[in-house]
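Residue-level listing of the chains:
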Amino acid sequence: MSDTSNNYVNFFQAKKGIKSWIFTLDHKRIALLYLYAVMSFFLVGVLLGLLMRLELIAPGETIMKATMYNQTFTLHGVIMIFLFIIPSVPAIFGNFFLPIMIGTDDVAFPRLNLLSWWLYIAGATLALLTLVVGEGPADTGWTFYAPYSVQTGTNVTMAVMAAFILGFSSILTGLNFIVTIHRLRTPKMKWFNMPLFTWALYATSWIQLLATPVIGITLLMIVAERVFGVGLFDPAIGGDPILYQHLFWIYSHPAVYIMILPAMGIISEIIPTAAHRTIFGYKAIAISSLAIAFVGYFVWGHHMFTSGMSGPARIIFSILTFLVAIPSAIKVFNWTATLYKGSIEINTPLLYTLAFIFQFSVGGLTGLVVGALAADVHIHDTYFVVGHFHYVMFGGTGFAMFGALHYWFPKIWGKMYNTLVAKVGFTILFIGFNVLYFPMFVLGLLGMPRRYYDYLPEFTLWNQVSTVGSWILATGLIIVIINLINAYRKGAKAPVNPWGGVTLEWQVKSPPPLHNFDRMPIVSEDGPYDFSEEYKQKIKQA
Amino acid sequence: MMEHFVLPNSGHVRDAESNKLGMWLFLFTELLLFGGLFIVYLVYRALNPDAFLLASFELSIPMGTINTVVLLTSSMTIAMSITALQKGKKELALYLMMATVAAALIFMVIKFFEWNAKIHHGLFPGMETYSSLPAGESLFFFLYFFMTGLHALHVIIGAIFIAVVIAKVGSDKVTGERISLLENSGLYWHLVDVIWIYLFPLFYLIH
Chain V
0 MSDTSNNYVN FFQAKKGIKS WIFTLDHKRI ALLYLYAVMS FFLVGVLLGL LMRLELIAPG
60 ETIMKATMYN QTFTLHGVIM IFLFIIPSVP AIFGNFFLPI MIGTDDVAFP RLNLLSWWLY
120 IAGATLALLT LVVGEGPADT GWTFYAPYSV QTGTNVTMAV MAAFILGFSS ILTGLNFIVT
180 IHRLRTPKMK WFNMPLFTWA LYATSWIQLL ATPVIGITLL MIVAERVFGV GLFDPAIGGD
240 PILYQHLFWI YSHPAVYIMI LPAMGIISEI IPTAAHRTIF GYKAIAISSL AIAFVGYFVW
300 GHHMFTSGMS GPARIIFSIL TFLVAIPSAI KVFNWTATLY KGSIEINTPL LYTLAFIFQF
360 SVGGLTGLVV GALAADVHIH DTYFVVGHFH YVMFGGTGFA MFGALHYWFP KIWGKMYNTL
420 VAKVGFTILF IGFNVLYFPM FVLGLLGMPR RYYDYLPEFT LWNQVSTVGS WILATGLIIV
480 IINLINAYRK GAKAPVNPWG GVTLEWQVKS PPPLHNFDRM PIVSEDGPYD FSEEYKQKIK
540 QA
Chain D
0 MMEHFVLPNS GHVRDAESNK LGMWLFLFTE LLLFGGLFIV YLVYRALNPD AFLLASFELS
60 IPMGTINTVV LLTSSMTIAM SITALQKGKK ELALYLMMAT VAAALIFMVI KFFEWNAKIH
120 HGLFPGMETY SSLPAGESLF FFLYFFMTGL HALHVIIGAI FIAVVIAKVG SDKVTGERIS
180 LLENSGLYWH LVDVIWIYLF PLFYLIH
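Chains as they are written, first to last, in numbering that gives the first Met the number 0: chain V, 0 to 541; chain D, 0 to 206.
These are calculated hints, taken from the structure and not from any lab test. One or more of the hints may lead you astray.
[What the hints assert, rightly or not] Here chain D is said to cover these stretches of chain V; the calculated rule only asks that three of the stretch's residues, wherever they fall, bring their Cβ under 8 Å from a Cβ of chain D: (1) 169 to 177; (2) 220 to 227; (3) 271 to 277; (4) 355 to 369.
For every residue, glycine included, the Cβ atom is placed at its ideal position computed from N, Cα and C.
Working from the sequences, and respecting the hints, build out all of it.
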């Protein structure tokens with residue numbers, strides 16, 4: 000356990016030079032390549048979001064014209080969805096910790112893993128090239144709804160091809176993880192001995208695998224329609240725009256579970272560690288991940304309640320949507336029950352986790368409001384939906400990702416950040432987030448439509464509150480990131496297991512050696528969250 | 000320095016089961032890729048039954064039938080090559096794989112003549128005759144070119160895949176004991192075959 004030996008070589012030191020990074024087959028290095036790329040795009044997306052909020056500080060044209068605003072929110076959406084949230088947790092923390100948590104030294108197909116990263120970079124480059132090539136970036140919204148997406152002169156073709164390539168990257172990551180989980184678990188780890196993060200990634204990977212091809216082919220049809228002028232989706236030439244919406248959401252609704260499930264996995268890791276006790280309802284949480292993934296396939300129609308669907312279809316989609324709430328609530332109740340009577344250590348990762356539970360609950364419950372037929376007719380395409388989505392995606396996944404970064408930072412780099420600054424940064428981020436997005440619920444109920452650069456004067460107050468919130472959020476974000484960069488550069492040496500976690504990654508040195516384990520990992524027969532003294536003794540003796 | 004410890008479940012060790020599982024998962028994604036197109040086909044066929052029927056008369060059933068036979072035979076030869084290699088008959092396996100690639104070439108040549116005839120009649124999207132067709136018929140021809148085109152792309156990729164395996168069998172990198180690459184190319188080839196089995200009746204036969 001103790002890393003006192005002076006000749007210990009970690010995965011950073013094992014090889015040197017740029018080529019040892021961009022052509023690496025080591026899952027940990029690929030994870031960090033993703034981290035740097037994904038975080039860079041995240042910051043670009045944040046910047047675009049800030050610009051949008053600045054435009055909306057007052058009615059009328061403030062800093063940009065309508066077309067530019069449309070392009071800004073489209074690029075914001077494309078970057079945040081395809082370049083940030085979808086790859087964030089699986090490609091960064093999944094790549095780094097999945098193999099370690101199941102006690103192996105890499106994913107099943109290391110070369111394919113590297114290919115995934117290269118495809119990601121290719122797709123990202125293409126997405127950014129739309130900025131400088133042709134008629135400027137797409138102005139359709141990230142949904143590329145037909146018929147506008149086949150009529151607009153902006154660079155939709157290229158943006159869509161970028162999404163296609165990024166989809167491929169996502170599919171290959173999912174495929175790799177499924178095979179890894181099936182084949183490479185350490186011999187003593189049975190399915191129900193796997194950490195819950197692994198379960199969450201497993202469910203996510205199936206969605207990546209089985210949903211992404213549908214969007215791939217749909218986007219190719221958009222390209223075909225634009226190039227050949229075929230009436231697939233444009234009603235003016237015989238196409239059916241509703242069909243496009245169906246095909247789009249058959250992928251894109253399951254895709255929101257690609258975004259949230261891994262984040263739930265992180266929460267399931269941080270909570271038992273912070274409470275120093277085993278998780279409540281392990282099997283229920285594990286199976287609820289699969290249940291969400293499964294039910295998530297059959298609810299896409301709730302995006303189309305107002306676009307023209309038969310009454311029975313709408314009722315069925317609405318009921319199925321409500322079903323998703325059950326496994327989600329199972330998770331929330333189990334997390335809360337785990338904290339009950341635990342010896343809780345309020346560290347930074349736990350703060351992010353608690354914020355996640357609060358914000359995800361707000362996002363989830365407002366999701367039921369949008370999923371209800373009658374309510375949705377009123378608030379469809381208003382700021383209520385924008386608020387709901389950001390509470391789940393940013394308040395949920397975004398916060399979980401930052402929680403994970405603080406939780407595993409000492410393991411990845413072997414250094415510790417300043418915890419006081421981290422907590423201050425978190426607090427400002429938390430306040431900023433809620434000031435930014437909560438007014439959107441109010442605006443939506445008042446009837447302010449989304450995707451306009453302008454609004455009626457009576458919406459001014461809440462818009463100004465929201466814009467001020469965006470500045471607070473940005474301040475918090477800067478503090479958090481600078482704190483982590485400082486820790487990376489000159490942080491104090493972190494102990495091997497600073498939080499007292501019991502999953503396998505806390506048995507390896509920090510930073511981990513190239514092949515992760517220099518002895519067989521010790522798996523408890525009582526499940527992955529065994530906090531008993533007996534198990535701790537066993538690890539110590541090894 | 001201690002000798003480097005290797006886990007029994009290392010990701011850097013060849014594992015035939017992993018390779019096969021990975022290939023099956025990949026085939027699922029291929030099915031779903033075509034699945035999206037099949038949905039579009041079914042929706043527009045249901046909306047324009049007469050136009051689709053009329054347009055389908057343009058396709059040559061004899062050519063389609065010959066191609067179906069060619070592709071089914073090639074699926075048989077690749078399956079036989081796997082058995083042959085497992086039984087240690089390397090030369091026979093090589094001949095059977097080459098026969099598969101030859102069948103792929105024949106398929107593509109016939110496909111070329113079929114497409115060429117349609118293009119000659121101006122039925123390719125954007126051409127004059129095509130543009131004057133009623134919406135339903137033009138959709139039929141667009142889907143015909145798009146779906147058989149995507150399928151043809153898979154035929155080409157599959158043939159290249161098998162050609163690579165031929166080289167590897169020739170240099171003994173793929174053998175009866177290390178056969179998973181050949182098996183995977185076979186699986187992929189069967190997928191190409193299965194998709195055609197659906198495309199053929201949908202475009203040529205339904206009346």
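So, going through the hints one by one against the coordinates:
1. For a cut-off of 8 Å, the count of residues in the region 169 to 177 of chain V with a CB near a CB of chain D stands at 4, and the three-residue condition holds.
2. Coverage of the region 220 to 227 of chain V by chain D holds [criterion: at least 3 residues with CB-CB distance below 8 Å; count 3].
3. With 0 residues having a beta carbon nearer than 8 Å to a beta carbon of chain D, the region 271 to 277 of chain V misses the requirement of three or more and the stated coverage is violated.
4. For the region 355 to 369 of chain V, the assignment as covered by chain D is violated, since 0 residues bring a beta-carbon within under 8 Å of that chain's beta-carbons and 3 are needed.
When the structure is compared with the earlier hints, violations turn up for hints 3 and 4 and for no others.
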